[in-house]
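Build the full structure now, drawing on both the sequences and the hints.
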Amino acid sequence: MNIPQPRLQGRTAIVTGAGGGIGRGIALALAAEGANVVIAVRRKVTGDETAELIAQERGTALAVKCDVSVRADVDSAVAAAVAAFGGLDIAVHNAINRESANPLALEDLTDAMWHAQASVAWDGTYFLAQAALPHLRRSARGCFVMLGSFFGRHGAAMNPAYSALKGGIRGFVKALAREWGPYQVTVNAIEPAAATEPTEIFFSQHPQLRAQFMRNFPMGRLGRPREDIGRAVVAICSDEFGFITAQSIQVDGGMYTAT
Amino acid sequence: MQGPSDKTSSAVTTVFVVVSGTDAGAALANGLARQRARVALLTDRAVETESEVTRIETSFASRENVAAAFSAARQQLGCAQVVVHSSTPQIAFTSTPIEGLSYRHWGEVVHVAVKDTIYCLQAAYEHFDGRGGSIVVFGPSVALVGAPGLAPFCMALEAQRSLAKSAARQWGRVGIRVNWVAIGAEGNYPELSSAAIPPVPELGPPPPPLGRVPDIGDDVADLIGFLSNDVARAVTGTTVNVDGGSWMVP
Numbered sequence: 001m002n003i004p005q006p007r008l009q010g011r012t013a014i015v016t017g018a019g020g021g022i023g024r025g026i027a028l029a030l031a032a033e034g035a036n037v038v039i040a041v042r043r044k045v046t047g048d049e050t051a052e053l054i055a056q057e058r059g060t061a062l063a064v065k066c067d068v069s070v071r072a073d074v075d076s077a078v079a080a081a082v083a084a085f086g087g088l089d090i091a092v093h094n095a096i097n098r099e100s101a102n103p104l105a106l107e108d109l110t111d112a113m114w115h116a117q118a119s120v121a122w123d124g125t126y127f128l129a130q131a132a133l134p135h136l137r138r139s140a141r142g143c144f145v146m147l148g149s150f151f152g153r154h155g156a157a158m159n160p161a162y163s164a165l166k167g168g169i170r171g172f173v174k175a176l177a178r179e180w181g182p183y184q185v186t187v188n189a190i191e192p193a194a195a196t197e198p199t200e201i202f203f204s205q206h207p208q209l210r211a212q213f214m215r216n217f218p219m220g221r222l223g224r225p226r227e228d229i230g231r232a233v234v235a236i237c238s239d240e241f242g243f244i245t246a247q248s249i250q251v252d253g254g255m256y257t258a259t
Numbered sequence: 260m261q262g263p264s265d266k267t268s269s270a271v272t273t274v275f276v277v278v279s280g281t282d283a284g285a286a287l288a289n290g291l292a293r294q295r296a297r298v299a300l301l302t303d304r305a306v307e308t309e310s311e312v313t314r315i316e317t318s319f320a321s322r323e324n325v326a327a328a329f330s331a332a333r334q335q336l337g338c339a340q341v342v343v344h345s346s347t348p349q350i351a352f353t354s355t356p357i358e359g360l361s362y363r364h365w366g367e368v369v370h371v372a373v374k375d376t377i378y379c380l381q382a383a384y385e386h387f388d389g390r391g392g393s394i395v396v397f398g399p400s401v402a403l404v405g406a407p408g409l410a411p412f413c414m415a416l417e418a419q420r421s422l423a424k425s426a427a428r429q430w431g432r433v434g435i436r437v438n439w440v441a442i443g444a445e446g447n448y449p450e451l452s453s454a455a456i457p458p459v460p461e462l463g464p465p466p467p468p469l470g471r472v473p474d475i476g477d478d479v480a481d482l483i484g485f486l487s488n489d490v491a492r493a494v495t496g497t498t499v500n501v502d503g504g505s506w507m508v509p
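Protein chains in written order, with the numbering used here: chain Y, 1 to 259; chain G, 260 to 509.
Worth flagging that the hints you see were computed from the coordinates, not collected in a lab. Model, not experiment: these values are computed from the prediction. Misleading hints may appear alongside valid ones.
Stated by the list, open to error - Ranges between beta-carbon positions, derived for each pair:
(1) G:E316 x Y:M219: 49 to 57 Å
(2) Y:K65 x G:E461: 44 to 52 Å
(3) Y:N102 x G:E309: 40 to 48 Å
What the hints assert, rightly or not - According to the in silico footprint, chain G covers these stretches of chain Y (three or more CB under 8 Å from chain G):
(4) 112 to 119
(5) 125 to 139
(6) 146 to 159
(7) 168 to 174
(8) 224 to 237
Just so it is clear, CB atoms sit at the ideal spot from N, CA and C, and this is done for glycine as well.
Shown next, in the form of C-alpha cells:
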C-alpha cells in the first residue's frame with residue numbers, strides 16, 4: 001500500500017502576518033503538508049498561538065517577532081528560519097496593516113495613511129524578497145508567494161489605498177517572475193476572498209451589506225483561511241504546480257469573473 | 260475635441276495634462292493642442308512645448324503643490340473638463356534586479372509615483388467641484404506584462420491603474436469618469452530602450468499587427484480625445500492598451 005507523502009516534506013516556509021486569519025490558515029496548511037513553518041508576526045503572542053496549533057498537529061513551527069516594515073526584523077526572521085531548519089524554500093508575504101480594511105474616500109487619503117499601509121504591504125514585500133532570494137535560489141523548489149486581492153483587480157470604491165496596494169502586487173508578480181525565472185524560483189500571488197476577523201467585524205458593523213456581498217459568490221460562501229486559501233498556497237508551492245509562475249490566482253469561489 | 264458632457268457643443272475643451280517624471284506629457288499636450296483643445300501642461304520637467312500650450316512648472320512633492328498648480332492653470336485657462344495624468348519617476352526606468360535595489364530607489368519608484376497620482380486625482384476631484392469631468396491616467400504598457408529589473412515600476416503602474424478604477428467607482432456618482440491608457444513603450448519612452456521588455460510570443464510577422472507603434476502625440480491624443488468626449492459617456496474604469504496590437508491583453 002502506497003501511503004502518500006506530505007507534499008512539502010522537509011521544506012521550510014516563512015509566512016508573514018500568520019498570527020491569525022488567512023496567514024494562520026496558510027501556516028497551518030503548509031505545516032500539515034510537512035513544511036517547517038516560521039511564523040513572522042508583529043505581536044509574538046499571536047505567532048506563539050499559531051505555533052502551538054501546529055504543534056498540536058505534530059507539525060514543526062517557530063514563531064519570531066517581526067515588523068515587516070523594518071528591514072532588520074525581516075532579515076532576522078529569515079536568518080532564524082535558516083538557522084533553525086537549514087534553509088528556506090518558501091516565502092509568503094501575507095501581512096497587511098489592519099487600517100487597510102477601513103472604508104475611506106480617495107479625497108480623504110493622507111500621506112500618513114498611505115505610508116502606514118504601504119510600508120507593510122509593499123516595503124515588507126521588498127524586504128522579504130531581498131532577504132529570501134539567496135536561500136530560494138539554493139532551494140530545489142524556491143517559491144515566493146504574495147497575497148493580492150480582488151480589490152486590486154476591480155478597484156474598490158471605498159478602499160482606494162488597499163486597491164492600489166493589491167493591484168500593484170499583480171505588476172510586481174509579473175516582473176519579479178520574469179526576473180527570478182532563470183533561478184528556477186517561482187513568483188505568484190493568491191487573491192483570496194475569505195472569512196476573516198476583519199471581514200466579520202466589518203459585517204457586524206454593516207449588517208445590511210452582508211447579504212448583498214454574499215450574492216457575489218456563486219458557491220454561496222466565503223473562503224476558509226486554511227482549507228481554501230491555505231491549501232491554494234500549498235498547491236502553488238507543490239511540485240505539481242512547479243511550472244506555474246507570474247500568476248495572480250483568484251481563490252474567491254468564482255466571485256470576480258471579469259478577468 | 261468637444262466638451263465631455265455636451266456632445267452637441269462645439270465649445271473648445273480645456274485639458275490639464277499633469278505629468279511628472281517624463282517628457283511624454285509634452286508630446287501629449289502638443290497633440291491635444293493640435294486637436295484644438297486649450298491645454299495646460301503641469302510638469303516638473305524642463306520640456307519645450309508648442310506655443311499654444313500653457314506650461315506650468317510644479318513640484319509634485321505634496322498635495323498642496325499639485326493643488327496650487329491646478330489653481331494656476333485655472334487662472335490662466337479657466338476650468339478644465341479633462342485631466343490627463345501620468346507619473347513615472349525617471350529612476351523608475353533604471354532596470355535593477357531586486358537583490359541590488361536600494362531602498363531609496365525602491366521608495367522613489369513605488370511611493371513617489373503612486374503619491375503623485377493620488378495628489379493629482381485629489382486635485383482633479385476638487386477642481387471639477389461637482390461639475391463632472393474626465394480623467395485619463397496613462398503609463399507604459401510594460402506594466403501589463405512585467406519586465407525583469409522593473410519590478411517596482413510595474414508595481415507602481417499597476418497600482419495607479421487600480422487607483423484609477425477605485426476613483427471611477429467612487430466618483431461616477433458626481434459625473435467624473437476615470438480611465439487608464441497603456442502606451443506601447445517603443446518610441447514613446449526612450450528611457451526603456453535598454454530595458455529587457457519581454458518579446459511578444461508570436462511567431463508570425465513581427466509585431467505589432469498594425470505595423471507600427473502608436474505615437475503618443477497623435478494616436479494616443481486621439482484616443483484621449485475620444486475617452487473624454489461625450490460619445491464615451493458610458494465608459495469609465497476601463498483599460499485601453501494602445502500598443503498597435505502587440506499584447507492582446509485578456
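The hints, checked one at a time:
| no. | hint | result |
| --- | --- | --- |
| 1 | G:E316 x Y:M219: 49 to 57 Å | holds (54 Å) |
| 2 | Y:K65 x G:E461: 44 to 52 Å | holds (50 Å) |
| 3 | Y:N102 x G:E309: 40 to 48 Å | holds (46 Å) |
| 4 | 112 to 119 | holds (count 3) |
| 5 | 125 to 139 | holds (count 5) |
| 6 | 146 to 159 | holds (count 9) |
| 7 | 168 to 174 | holds (count 7) |
| 8 | 224 to 237 | violated (count 0) |
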